[in-house]
Amino acid sequence: MKKKIQLTLNGKKTILEAPAHRLLLDLLRDEIGLTGTKEGCGTGDCGACTVFLNGKPVNSCLILSGELDGAELVTIEGLKIGPELHPIQKAFIQDGGAQCGYCTPGMLMMAKALLDENPNPTEEEIRFALSGNLCRCTGYAKIIQAVQDAAKEIRQAARR
Amino acid sequence: MAKAEKFSVVGQRVQRVDGFDKVTGESKYIADIILPGMLLGKILRSPYPHARILRIDTSKAEHLRGVRAVVTAEDTLKRPWGAFFADQYILSVGKARYVGEEVAAVAAVDLDVAEEALALIDVEWEPLPAVFDAEEAMKAGAPLVHDDKKRNIAVTLDIERGNIQRAFAESDIIVEDTFQSAPQWHCSIETIGSVAEYASSGKYTIYMNSQTLFNARYRIAAALGVPETDIRIIQSAVGGGFGGKSCDDNNALVAAILARKAGKPVKVINSREEEFLAGCRPRVFMKIDVKLGFKKDGRIRAKHIRIIADNGAYSAKAPAITGVAAMRHDTCYKYSDVKTQAYLVYTNKIPTGAFRGFGNPSAEWAVEQAIDIGAHELGIDPMEIARINAAESGYVSPHGNRVTSCELKQCLDMTEKMMDWKKKRADKKPNTGLGLACTVHVSGKRHFGDYDGSSATIKINEDGKALILSGEGEIGQGVHTAMCQIAAEELGVRVEDVEISKADTDLTTFCLGAFASRLTYISGNAVKNAASNVKQQLFQQASEMLEANADDLISHGGRIFVKGAEGKFVTVADAARARLFRHNGAPIVGSGSFDADSVLPDKTRFGNESGAYNYGVQAAQVEVDRETGQVKVLQYVIASDCGTVIYPIGAEGQVEGGFAQGIGYALIEGLQFDEGRPVNPNFSDYRIPSMRDLPPLTHAFADSYEPTGPFGAKGLGELNMDPTAAVISNAIFDAVGVRIKTLPITPEKVLKALTEKG
Ligand code: FES
Ligand code: FES
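If you read the sequences in order, they're chains R and W. Sequential numbering from 1 applies to the first sequence in our numbering. Sequential numbering from 1001 applies to the second sequence in our numbering.
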């Protein structure tokens, strides 16, 4: 049984139909064609599928489409600011925060959530906030560096 | 001796060439590939560790609405295949030998239908006695995994170099102990997957997230019984490999036969559970007896190692891995007399295989602890024991490995300094301790036939930009960036003016892929040679335009000029256009190849296995909580000798990432089997290190130059996880006097050992 769902997706009003049991992750990837959000486990354990739902980061592999009517979603495809990369994206490139890049979309969304709440996180706070996002490649050092550099850049931009 | 050179692109902190696509989510990984009319495939897997298939009835599944193909072994040639031994089938023939083995598969319009169809396949099983432990499996009367493998033994090694008996007789002390390593899963966050397409002309096009495309092509062609040219493999973006995506599993083969039968493209992606059960081949786990003889002054006089390695149900790369565990470490220290005995044994479990380190982490887990035991018994600082025995440039191991560059001693000095070793040792605090271990790795390994090479092509576009065509696998490690830097350095252009293609077996020339820490060294040399060929063509053209002798020309920043007369130049673009846009012109395109100066080891496994050897030292300071058994790593340091560092951000990432996997292996990662059935095949039970699990790390690269490497570079990728488990265990011993001999080092084990010690 398909259900009509009204969404704001990356700032655009969108109407689509999907079975209520379809997972948000699959809805995004298979029905809408936004493949930037990744599946790493499907069980809520890795964070690769992180998106913003009504302003909060969630594991999209755990959310059913049936819960989404009227929701506001932001995915990695909506992270750029206009044509410009978000500072956190720039910092990941500059510092080498992505190796294979598969955890990166989820990691970036979670990092944005952290910086939205706490523009000047300590290393400990970063480690705590991003500990649900697994990365098998980097050993996290360069990710932490990138989050710190992005935070600095955002704070400076705010002062400019 | 180390030799520093000045480069303009090599060694600069450039950003990775594929960084933009990765941070925007635009990189196309295997699951992101969608072809018109594509179906989704699902695999029916054996629920038994060992069982005969009496009957398979697929008729109900075939009639389900939305099902387009159902395949079993009847749709294959029933021809076994494998990297070293042909012993596994695409789909079970007659019986299944481990839980998770591929038995049948379905392609359907969506995953719901595919899964429903799997449930409709009726298999009549006859469970057979099974064997789960390698030592048990070697005993007379144990159930046979393969009927023709007596005592389940796949490989036996028994090698003595020098005179081991005399060497032990001449030793002042002898250390003897047994250590057990553990399986470890790669846990790339992206699982294995493929999208296969079949043209009725007979050609298969397979998108794979493989790290070894041409090896995959060879094996897939063999298993399907078609010429290699009938298989085209195109690499998608790869979400991590670590050895797990080197085509030792059946995923792509199942996709291929489904696509052939359905007449439509088919995508098969492993779920996380499938990845644990039957995807990547986990680290070969081993029981290792080590016996070392030392002279009083700390010199190692004799080494005897005996290994029983668990092959699982099929062989994958374990035969080579067992050899590495048995012998590689003898290139780390100066040995004269060594004996190695190893048995690789079939069991009814998931096939084990290649994981970063390839046998080294298991061997070093054992040998580096035995050396530490010796150091403590002799009352010599472990740092000194390592120094006394460390290999040097020019060393030839008892197995014939020839070391052309080695900065192990420099790495020891660096480690000592970074850790403040002497001071920390002098004011040792209760329950804290220091541990150390050394490591060696290859830069490529000659074992897939008598070739350890790579080839590459570079063409210059009309706008002066260079495009490298390479079939070597970028899997996240950053090799594409390193190759662009090497080409830019050789061509004398900016790194921004070099691009690199995707790997595609139809469009790129032959190379072996990402394994054995070989790419920077081997494909780096191939790319450098291709660039030098292209540069000759450019210089020849420029010499006409500049009316100068080609030998007097140099290039820098995309300009070609006579040395010392920078004002008068032609650009690379000018030269490329002038050469092409004329009658009888030609594009500027050149190829290069490199085959390492190594030899295929003989029957006794003697022979220089690699063109270059990379070295490293790691040290930890830990604190052990006597109440809980919890081990806290207070500080960790790593010094690596990888020759010239080409791509610093990438190289640092390799050290940091390898270390994280080493810490996981040492302290966290473990998977329980119950009757051959993994009981925790998911990320909540099989935990890999998160950001909060990693201790502070300080690391640095030795000043080093490998004479046979591209601009002095050699391998690095695996070095960083090889010794970590031993380092932690040695530090625990130093802290509280107990030695943990099985992995992972859990608080329970530490607590138990402390209680036993009293
Ligand atoms: S895919 Fe959703 S948490 Fe792993
Ligand atoms: S960069 Fe590969 S998983 Fe994080």
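Be careful, since some hints might not be right.
[Claimed, not checked] Computed list of lysine to aspartate or glutamate pairs in EDC-like fashion (alpha-carbon distance at most 20 Å, straight line):
| # | chain 1 | residue 1 | chain 2 | residue 2 |
| --- | --- | --- | --- | --- |
| 1 | R | Lys80 | R | Asp45 |
| 2 | W | Lys1139 | W | Glu1124 |
| 3 | W | Lys1417 | W | Asp1381 |
| 4 | W | Lys1028 | R | Glu31 |
| 5 | W | Lys1264 | W | Asp1018 |
| 6 | R | Lys3 | W | Asp1018 |
| 7 | W | Lys1028 | R | Asp30 |
| 8 | W | Lys1632 | W | Asp1413 |
| 9 | W | Lys1632 | R | Glu123 |
| 10 | R | Lys90 | W | Asp1693 |
| 11 | W | Lys1264 | W | Glu1377 |
| 12 | R | Lys90 | W | Asp1413 |
| 13 | R | Lys2 | W | Asp1021 |
| 14 | W | Lys1264 | W | Glu1496 |
| 15 | W | Lys1264 | R | Glu124 |
| 16 | R | Lys80 | W | Asp1413 |
| 17 | W | Lys1502 | W | Asp1110 |
| 18 | R | Lys2 | W | Asp1112 |
| 19 | R | Lys80 | W | Asp1177 |
| 20 | R | Lys80 | R | Glu67 |
| 21 | W | Lys1632 | R | Glu124 |
| 22 | R | Lys80 | R | Asp69 |
| 23 | W | Lys1632 | W | Asp1693 |
| 24 | R | Lys152 | R | Glu125 |
| 25 | W | Lys1028 | R | Glu77 |
| 26 | W | Lys1741 | W | Asp1413 |
| 27 | R | Lys3 | W | Glu1377 |
| 28 | R | Lys90 | W | Asp1021 |
| 29 | R | Lys80 | W | Glu1026 |
| 30 | W | Lys1423 | W | Asp1381 |
| 31 | R | Lys4 | R | Glu17 |
| 32 | R | Lys90 | W | Glu1544 |
Just so you know, the hints here were simulated from the structure itself, not pulled from any lab data.
Right, here's what the structure says about each hint:
1. R:Lys80 / R:Asp45: With Cα atoms ~26 Å apart, lysine 80 of chain R and aspartate 45 of chain R exceed 20 Å; violated.
2. W:Lys1139 / W:Glu1124: violated (30 Å)
3. W:Lys1417 / W:Asp1381: Roughly 15 Å separates the two Cα atoms, so the pair holds.
4. W:Lys1028 / R:Glu31: holds (17 Å)
5. W:Lys1264 / W:Asp1018: Not OK: lysine 1264 of chain W and aspartate 1018 of chain W at ~31 Å, beyond 20 Å, violated.
6. R:Lys3 / W:Asp1018: Outside the cut-off at roughly 39 Å; violated.
7. W:Lys1028 / R:Asp30: Judged against 20 Å, a Cα distance of about 14 Å means the pair holds.
8. W:Lys1632 / W:Asp1413: violated (25 Å)
9. W:Lys1632 / R:Glu123: holds (18 Å)
10. R:Lys90 / W:Asp1693: Given that 20 Å is the threshold and the Cα spacing comes to 26 Å, the pair is violated.
11. W:Lys1264 / W:Glu1377: Violated, because 67 Å separates the two Cα atoms, which is more than 20 Å.
12. R:Lys90 / W:Asp1413: Violated, at roughly 37 Å.
13. R:Lys2 / W:Asp1021: The hint is violated at about 34 Å.
14. W:Lys1264 / W:Glu1496: violated (40 Å)
15. W:Lys1264 / R:Glu124: With Cα atoms ~51 Å apart, lysine 1264 of chain W and glutamate 124 of chain R exceed 20 Å; violated.
16. R:Lys80 / W:Asp1413: violated (46 Å)
17. W:Lys1502 / W:Asp1110: The hint is violated at about 29 Å.
18. R:Lys2 / W:Asp1112: holds (15 Å)
19. R:Lys80 / W:Asp1177: violated (57 Å)
20. R:Lys80 / R:Glu67: Status violated; Cα separation ~26 Å.
21. W:Lys1632 / R:Glu124: This hinted pair holds, its Cα atoms lying about 16 Å apart.
22. R:Lys80 / R:Asp69: violated (25 Å)
23. W:Lys1632 / W:Asp1693: Judged against 20 Å, a Cα distance of about 10 Å means the pair holds.
24. R:Lys152 / R:Glu125: Holds: lysine 152 of chain R and glutamate 125 of chain R sit about 15 Å apart, inside 20 Å.
25. W:Lys1028 / R:Glu77: Holds. Lysine 1028 of chain W to glutamate 77 of chain R sits at ~13 Å (cutoff 20 Å).
26. W:Lys1741 / W:Asp1413: violated (28 Å)
27. R:Lys3 / W:Glu1377: The hint is violated at about 73 Å.
28. R:Lys90 / W:Asp1021: holds (12 Å)
29. R:Lys80 / W:Glu1026: Roughly 12 Å separates the two Cα atoms, so the pair holds.
30. W:Lys1423 / W:Asp1381: Distance of about 13 Å is within 20 Å: holds.
31. R:Lys4 / R:Glu17: Since the Cα atoms of lysine 4 of chain R and glutamate 17 of chain R sit roughly 4 Å apart, the hinted pair holds (cutoff 20 Å).
32. R:Lys90 / W:Glu1544: It is violated: about 44 Å lies between the C-alpha atoms, which goes past 20 Å.
When each numbered hint is compared with the structure, violations occur for hints 1, 2, 5, 6, 8, 10, 11, 12, 13, 14, 15, 16, 17, 19, 20, 22, 26, 27 and 32.
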